[in-house]
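Sequence lines, in order, name chains S and W.
Here our numbering runs 105 ahead of the position in the first sequence, where the first position is 1.
Here our numbering runs 127 ahead of the position in the second sequence, where the first position is 1.
Just a sample of chain S residues kept apart from chain W, beta carbon distances all over 12 angstroms, derived: (1) 117; (2) 123; (3) 125; (4) 131; (5) 133; (6) 134; (7) 159; (8) 161; (9) 163; (10) 174; (11) 177; (12) 185; (13) 186; (14) 217.
If we take Cβ atoms under 8 angstroms as the criterion, some of the chain S residues that face chain W in the derived model are: (15) 146; (16) 147; (17) 206.
Quick partial rundown of chain S residues pointing at chain W, CB under 8 angstroms, derived from the structure: (18) 149; (19) 195; (20) 207; (21) 211; (22) 212; (23) 213.
These aren't lab readings, by the way, just hints derived from the structure by calculation.
Glycine residues also receive a C-beta, built at the ideal position from the N, C-alpha and C atoms.
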Amino acid sequence: AQSVTQPDIHITVSEGASLELRCNYSYGATPYLFWYVQSPGQGLQLLLKYFSGDTLVQGIKGFEAEFKRSQSSFNLRKPSVHWSDAAEYFCAVEGRGSTLGRLYFGRGTQLTVWP
Amino acid sequence: SQTIHQWPATLVQPVGSPLSLECTVEGTSNPNLYWYRQAAGRGLQLLFYSVGIGQISSEVPQNLSASRPQDRQFILSSKKLLLSDSGFYLCALKLTDREDPLHFGNGTRLTVT
Chain S
106 AQSVTQPDIH
116 ITVSEGASLE
126 LRCNYSYGAT
136 PYLFWYVQSP
146 GQGLQLLLKY
156 FSGDTLVQGI
166 KGFEAEFKRS
176 QSSFNLRKPS
186 VHWSDAAEYF
196 CAVEGRGSTL
206 GRLYFGRGTQ
216 LTVWP
Chain W
128 SQTIHQWPAT
138 LVQPVGSPLS
148 LECTVEGTSN
158 PNLYWYRQAA
168 GRGLQLLFYS
178 VGIGQISSEV
188 PQNLSASRPQ
198 DRQFILSSKK
208 LLLSDSGFYL
218 CALKLTDRED
228 PLHFGNGTRL
238 TVT
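Please work from the sequences and hints to get the whole structure.
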């Protein structure tokens, strides 16, 4: 069965510092991969997605993520964090084929940004 | 582009009362529709999904139900709410294109007292 692990529940960084949020997945083949961001009381906004092709994907708000098949990872990065990036971040996978449209989410990583 | 409307935004209901949460979409036709729940301190759990009118699949046994009376309308219901039904309920849609991601509405915060 598919599963997603986000090992860091809470991360604190200073504004302007670099950021990496970890995501590992368990799936029998290469899944579709996503990162979403959620501000308090809001729905989830898609940051970026990986379906195929280049393993380094660019998203909105200056975020990028790299798919590493050998490590079953899809870590999210940003070179310089802004205070407005404080939010909760969710990694998700979607199986190809029969589970199309059914996403499996990690538990989320809460990001705090110090001024 | 597609838009997802959810209402109400917040809701406080007593235990044992009924529930009806509505989700409507605009800007697309025949989407797949989903209800997710986010409980405090937990990730997102898929409750129901629908690939068309009247077609509902349930992911977990519970006292909730879902219906899709129209192509762009998805309703989450309960006859008698439990305390454990409290949470943040998110409606989502996915176009039938395989490489379209899931799009979420702004959610309904339900507190059962």
